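**Q** Heads up: the protein sequence lines correspond to chains R and A, in order. Heads up, the first sequence is in the working numbering, so the first residue is 1 and it goes up one at a time. Heads up, the second sequence is in the working numbering, so the first residue is 1 and it goes up one at a time.
In case anyone wonders, no lab produced these hints; they're calculated from the structure. This structure is a prediction, so every number in the text was calculated from the model and none was measured. Some clues are possibly wrong.
[What the hints assert, rightly or not] Some, not all, of what chain A presents toward chain R, calculated at C-beta under 8 Å:
1. PHE23
2. ARG70
3. VAL92
4. LYS93
5. SER170
We put the CB at the ideal spot given by N, CA and C, even for glycine.
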Amino acid sequence: MKKICVIAQKEFAGYFHSWLGVLIGTLFFILTGVFFMILVLSYTKVSMNPQQFGLASLSGVNQTQFVFGSFFTNCSILVLFLVPLLTMRSFAEERRQETLELLFTYPLSDFEIVAGKYAGLLGFFALLVLPLFGYLAVFRWIGGEFDWGPVLSGFLGFWLLGLAYLAAGAFVSSLTRSPVVSALGSLSVLLLFWVFDWVENISDGPWAHIFAALSPLKHYRDFSVGILDVQNVVYFVFFFLYFLFLTLASIETRNWKH
Amino acid sequence: MVKETNPSNVVRFEHVSKKYGSFRALDDVSLEIDEGEIVGFLGPNGAGKTTAMRILAGFFAPSGGKVWIRGIDLSKEPQKAKKSLGYLPEAVKLYPDMRVSEFLHYVAKLKDVPPAGRRAHVQEKMVLCGLTDVGHRLIGRLSKGYRQRVGIAQALIGDPHVLILDEPTSGLDPKQIADIRGLIRTLGKDRAVILSTHILPEVSMVCSRVVMINQGKVLASGTVKELESCLKDRREISVRVKGKDHRQAAIKLLQGLPGIEALRMKEEPGEEMRFVFETTQDEDLRARITQLFVQQNIPLVEIQRVELTLEDIFLHLLHEGRFAWKGPS
């Protein structure tokens, strides 16, 4: 456990050593800020003249849903592109520098290495997510009102989505020695999962439902509208553990006795 | 089951083999290494040196056979066994974004160096490897020689009983090579050091024992002296004669002597002929040959016994694939 923390700490600090983390963080905050501002402004516009937007009155429009529901949807697309950049170095870079070889010869278990890396990634992601709560304060300050329920479930959903994406990205990173290949590979995998979500729109067969059920976005949508379903939580936890297991298996292939 | 292991054997390879698909990188290697030995793995590129070292370092498991480190089975208790190991991979780049002392502290934490003495421990290794001046610098900005020293320092953290160095001097300048060799000799006093190299003189300079590896097999193992002496009973003598006219006479004379084999002749510049042959006899034929040449009026300008170097042994082994000598009993 102690060594997991040591590796996690080093991974976390590594994002600031190379400016990669600072760059990703800046990009993330600028874009989320833009999303938030646009949503607040458009809500103001709608609330001034609801009829113009096809609404009988403002009573049917939920402030929380209008601003934060859409905000989390936008963020989910944003992480789709940011996660591959976050995970591209985690294993690929270590393979390239041959430092993974060193880690394997230290008194560490493979699980400690993988868990440490994952913990470092989650730590950095937490650093990205936590300041988003600041938007709530800003929203209050400009006179908005929101329900805590859907907002908190939205944050939980966003956190779980990030967790799942990071796990998949780290797995792809463990397959290659090139961070660029890792980033492009993770992006393709995540885009593929995104596309799964659309299958239901085109077709209605049993396969369409299976694909849709596999898509993280379908499970994520419930969170952003304030529905807390255990099934969805289980889905994300399982998604995370599945890729953690695959990563572990991928670095254990070096021991295969073929 | 209690396994019988010699306590002084710090490292034991038991019929270790490693296959990559159908390629056999290591083929039934058995080996024992004691404390205080500096063992050099010698072999051409692709001989299996790195594979052997990676298995020993616990990087990957062998396809067959067992490795014991201080009586601990590496495959059964890898974490316990790895505490006795320090490993420097070949051409390791380390973390370019980390500072030297920061990296060594990170390694110390991973290698279970207790927090109380950690700072002093890291400092001691930095002094030993001559890194005190660059402790605050980024590893990526260091020269190759310094980076190699950082690599050795990280291997030394945790005071391992077995030090595995894969080509520790490759790519360094002569001064750095001399420094690293000196360091290795110091380190080898109270632990087992295993290093690989394809530089032959390095082995005779640094190592107390040589293990020659080719195509995944151990060809020979012994001290440099043992390996050299076993080739010496196959003495080689070189005779140089002035004037080409004496060729026939010289050949006739040499062939007439008992115990002369593999006679070769070469024309050399300055109207000189050189004859090289092996003698199987224990007695030194040089005096007798000189006397006979003088009697026959053949102008002998030079006669010498050819000293066989490690290089000769090595090349001989590579060509023949085997060696008459069986190793120390």
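**Q** Name the hints, by number, that the structure is in violation of.
**A** 1, 2 and 5
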